Structures are given as structure tokens and as C-alpha cells.
Amino acid sequence: QQKVQQSPESLIVPEGGMASLNCTSSDRNVDYFWWYRQHSGKSPKMLMSIFSNGEKEEGRFTVHLNKASLHTSLHIRDSQPSDSALYLCAASPNYAQGLTFGLGTRVSVFP
Amino acid sequence: NAGVIQTPRHKVTGKGQEATLWCEPISGHSAVFWYRQTIVQGLEFLTYFRNQAPIDDSGMPKERFSAQMPNQSHSTLKIQSTQPQDSAVYLCASSLGTGVNQDTQYFGPGTRLLVL
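Heads up: the protein sequence lines correspond to chains B and X, in order. Each residue of the first sequence is one higher than the last, beginning at -19 in the numbering used here. Each residue of the second sequence is one higher than the last, beginning at 1345 in the numbering used here.
By construction, these hints were calculated from the structure, which means they are not laboratory data. Quick caveat, the model's predicted, so the values are computed rather than measured. C-beta: ideal position from N, C-alpha, C; glycine also. Any given hint could be a false lead.
What the hints assert, rightly or not - Not the full set, but computed from the structure, chain B residues with beta-carbon under 7 angstroms of chain X:
hint, residue
1, Pro(-6)
2, Met26
3, Gly78
Said to hold, decoys possible - If you want the ones that stay clear, here's a sample from chain X, every Cβ over 10 angstroms from chain B, calculated:
hint, residue
4, Thr1357
5, Ser1402
6, Gln1412
Looking at chain X on its own, in the form it has when it is part of the complex:
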């Protein structure tokens, strides 16, 4: 079991550029979550898919951020016109989504995004 895979591990973009982050959930997991972690704000929920359908995007900034899950094996988080305040570690997590085993969320290694 390779765990949750995230690519790239590090990304540096210039202000105003676009950044696309990729996540491959654990095989068999139907729920995929995106979080953002900074020193000041801590770990914040962004959005959540179950069986590829968007369920809750209450944590997503309404402008510039979007997430998709085109198939069960990967999800993407896209940030348009990146700003320095978008600099953070973006974490993807997956869970069974069925309530079994208290539905533990398993986190990937994260993508460290730096916007200059």
C-alpha cells in the first residue's frame, strides 16, 4: 500500500501564475479531502469528494481555487493567479468513506507551494 500520493512535493510559482496540485488516494478509498496548512492558520479544511462527487467545498476560497475529481484514482486542486498568501503546504487525505473503522483520514506527504 503506497499510501496517498501527492505531486509535486514542492512547487515555486511567480505571483499571478497558475498552480495545479495532484493527489492519488489510497486504492479503494471513496472519500478524498483537501486541506491547507500554514503556521498562522494551522490545518484548514478546503474541500471534499465522495465517489468523485463534490460534497462540501465550504473551506475553499471562492475565487481562484477549484478542485476536481475526474476519476476515482486522482483529484486536482487548481489555484489561478496565485498570490503570496497562497503559500502553504497543501495536504490531500483519503478515507474509506463508509464509516468502517471510524473512517480514519490518511494524509499524503503534502505539496509545499511557495508563491514569490
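In isolation and in its complexed conformation, chain B is listed as follows:
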């Protein structure tokens, strides 16, 4: 079983709509969470990181973290076709350490 579970597996969003992605770790040692975005045929690129309880916003992207439940969520507002990609959640007990990734959520934004 994956130690980092992501849901849903896939998501279809209309252009301008909101996409909400979820991620939960089953490893109680985890303390750091990242969200990476991977466009088709490309390598993953870090989108946002969150290490403290609460919310963090950068442009159209917002992440939430609940450390007690080891749950993080990523919300994309005003979705654009360029947001169509595989979104990977990663977790780690410490910085500068190998990351454990979930299988990802594939987001498709249609015009």
C-alpha cells in the first residue's frame, strides 16, 4: 500500500473552474509536504511546499495542511488549460531527504 495516498486519481475541470486535490500520509514520522506538477513528457517541478499547520497561497494556488491528520490539499482556482498535468504529493520526515511520492492526480482542464 502506498504510504502517500492521493485522491482523486483524475479530475476534469472546466476552464476558469476550481480543482481540489487531496493527499494523506500514513507515515506518522512525516513532517514536510511538497506538491509537484509534471506535464506530459516532462520532469516534476515543485509547485508549493508546506511545513506548518494552516494555509499558504501563491497566486492561483492554495495549499492546506493538517499535521494531526497528516492531510494536505491543493486548490487551483481559475484553472487554465496549461494547468493540465499530473500533480504529485510528496512527503518526508526531514528536509534534504528522499521524498515519498503518491501516485498523483491527473488534472485535465478543458476550454
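Place chain X on chain B using the hints.
For chain X alone, coordinates are given in the frame of chain B:
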């Protein structure tokens, strides 16, 4: 900044042959990571170096796989006696390794390995 460089970008080997994959981290980055990505297993951590020293190889298959970092400008991942199940995209990433900027890992373009 050229980013993380990986060579070759594609490699085809026959079953039982050896494959060596190369990674050049971003200049100034002291941490280097190797991952493997497949459709079924997703993105899996293999091994990690900091300041050229091996720190964690918990994700490496114990047989046939080895990694080295002989100097600060390159790391190699060697797979001996390749098997069809080794077919994957092998990704190298580097980070500052100091905790600054949450130590973001920057990924290279990957090497797509196909074992026939």
C-alpha cells in the same frame, strides 16, 4: 543555470546487459537524489548523497543496482544484468542540502531506460 543534466536521455539495452546512467547536479547543490518512475509504481526514491557521501540507499534494490558520486559534479547509477522490469524513467534531482528555501529538489529531464 543549465539545471540538472542527465545523460543519456534514452537507452535501450538487452536483457542481461549493463546500463550506466549519468547525472550532473546544479552547481552549488550538495545533495543528489536518484528516483525511478513507472506507470504502475509511480515515482520511487532510490538513493541519496550529500557532499558526495552516500546517506540513504533504502530504496535501492539490493542486487544489481549501485550508485556512486565520485566528485561534486556528477553521480552515476549502474544497473548490472538488466531485466525487463528495470524499464523505467530514472530521474536525478539535486538540492542545496542546507535547509535554505525548504531545500527544494530540482529534477533533471530523466533517462528513459528500455530493457528488451
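List of violated hint numbers, smallest to largest:
Those not satisfied are hints 1, 5.
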